[in-house]
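Student: Read off the chains here:
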Amino acid sequence: MKYLSEFRDSALTKPLVAELQRFPARPIRIMEICGTHTMAIFHHGLRSILPEGLQLISGPGCPVCVTAAGHIDAFVDIAQQDKVRVAIFGDLMRVPGSNGSLSQAAAHGAQVEMVYSPMDALELAEKHPGELIVFLSVGFETTTPGVAATILEANRRETSNFAVYSTHKVIPPPLELLLADPDLELNGLLCPGHVSTIIGAQAYQTVADKYQLPCVVAGFEPADILRALIMLLRQIHEERYEVENGYNRAVTWQGNQRACALVDKVFIPEDSPWRGMGILPGSGLAIRETYSQFDASKRLDITMQDIAEPKGCLCGEILCGKFAPPDCPLFAKACTPANPIGPCMVSSEGTCAAYFRYGEK
Amino acid sequence: MCLAVPMQVIEINGSEDDFLSQPTALVESDGIKKEVRLDIVDRWPNLGDYVIIHAGFAIHTLDPQEAKTNLRLLQEMAAVTHGDGETA
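Going down the list, the sequences are from chains A and B. Number 1366 in the working numbering belongs to position 11 of the first sequence; there are no gaps in the numbering. Number 11 in the working numbering belongs to position 3 of the second sequence; there are no gaps in the numbering.
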């Protein structure tokens, strides 16, 4: 068992495609919440084999895309401070704020380093003792435990020149907001795989019950996504609304409680701004007072400003499933991956970037 | 950004109950080797186990039994269609 090739095998996927296509044509709207699913669905060409009437709508699960313009400006502000070096995940580099992007700040002399892991940012602090290393931290439940562990490690090592600017978010609050909107008319949710590795399939029980909505947790290989879609369509046709786990090799009902406990030790829920959705109560994570020496917002006294989103950009509406990228007047005209206006065109997981890359109009 | 990949554990440094230094593992996939942290993994892996890696951390130890069940369920779902004589 290699845990990858088995789930890409066409001997498995071909009959699953046939099974999926046997469902009778009828209008069905399923939201894939996670940006990694959006990418995988495009990458494997799954949109071209869907049964007639089945529409896949991308949701708010791309962390870079939902980061509010005000937070992007705060990132740039931090990067421009004296004796500060910021570390980021690569996707953030080119997201434009009202004062340009981190990439532009770097071109004007700001120290910006792309890292693969928050631990790499901590190692930078050892390498540059004369600077404050600030990890500009975005991410959902999958990413937050590693950042919590990194802060605990910094505390253990007593590293004094390391801090984190947390814009971490949790996925259930925007789901609640979207599902409360009757115009969205969703028939099912394709639930994120690795977020669920941490929070467990149980996390969707509330929305399944409250909105009588079928929810299926899915993996990222073609066979996983096909299976999850079949499970959703079966529920929809049988008028069931349950939480089912289609990714049981990586997701349990309860999730990774060790990781959740670490997150809880370091972070405390706070209200957080989402692009296109406004401030959602309890949807963000701030660093607890106990670890305030590692909290960049306190150390550098950063206050986030409420910044308007770029003029004409429909990222916010696209993240809420209200519009598809081609509905945006800027899409593929003023806004392209080479010259992005909104974050959905920047992030490799952004819906606009996926539509552009795979030529969907 | 929630991309995470399964990699095989080929070396473990440290132990589960070591509170002074955090344990790491050397993991491998297709010849690529990487050192990852085990701070947040749900189940302590054994040598040869596969773990799911995200941003330098193992977030889940894959259970071979669960994975086999997962694959069997997929095969069963695929077999339904195949058995009906659909072109597969």
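To be clear, the hints were calculated from the coordinates, so they are not data collected in a lab. You may find that some hints are simply not true.
[To be verified] With the Cβ distance kept under 10 Å, some of the chain B side facing chain A (calculated, not the full set): (1) L34; (2) I40; (3) K41; (4) V49.
[What the hints assert, rightly or not] Derived coverage of chain B by chain A (criterion: at least 3 residues anywhere in the stretch with Cβ under 8 Å from a Cβ of chain A; other residues may be distant): (5) 18-26; (6) 63-71.
We put the CB at the ideal spot given by N, CA and C, even for glycine.
Student: So, for every hint listed, does it hold in this structure?
Tutor: Now for the hints, and whether the structure bears them out:
For L34/B, the shortest C-beta to C-beta distance to chain A is roughly 15 Å, which exceeds 10 Å, and the interface hint is violated. Hint on I40/B is violated. Least Cβ distance to chain A is approximately 13 Å, over the 10 Å limit. Checking K41/B against chain A: minimum C-beta separation of about 14 Å lies over 10 Å; hint violated. Satisfaction of the interface hint for V49/B is found here, the shortest Cβ-Cβ separation to chain A being roughly 7 Å, below the 10 Å cut-off.
Counting residues of the region 18-26 of chain B whose beta carbon lies closer than 8 Å to any beta carbon of chain A gives 0, which falls below the threshold of three, so the coverage claim is violated. Counting residues of the region 63-71 of chain B whose beta-carbon sits less than 8 Å from any beta-carbon of chain A gives 7, enough to reach three: the coverage restraint holds.
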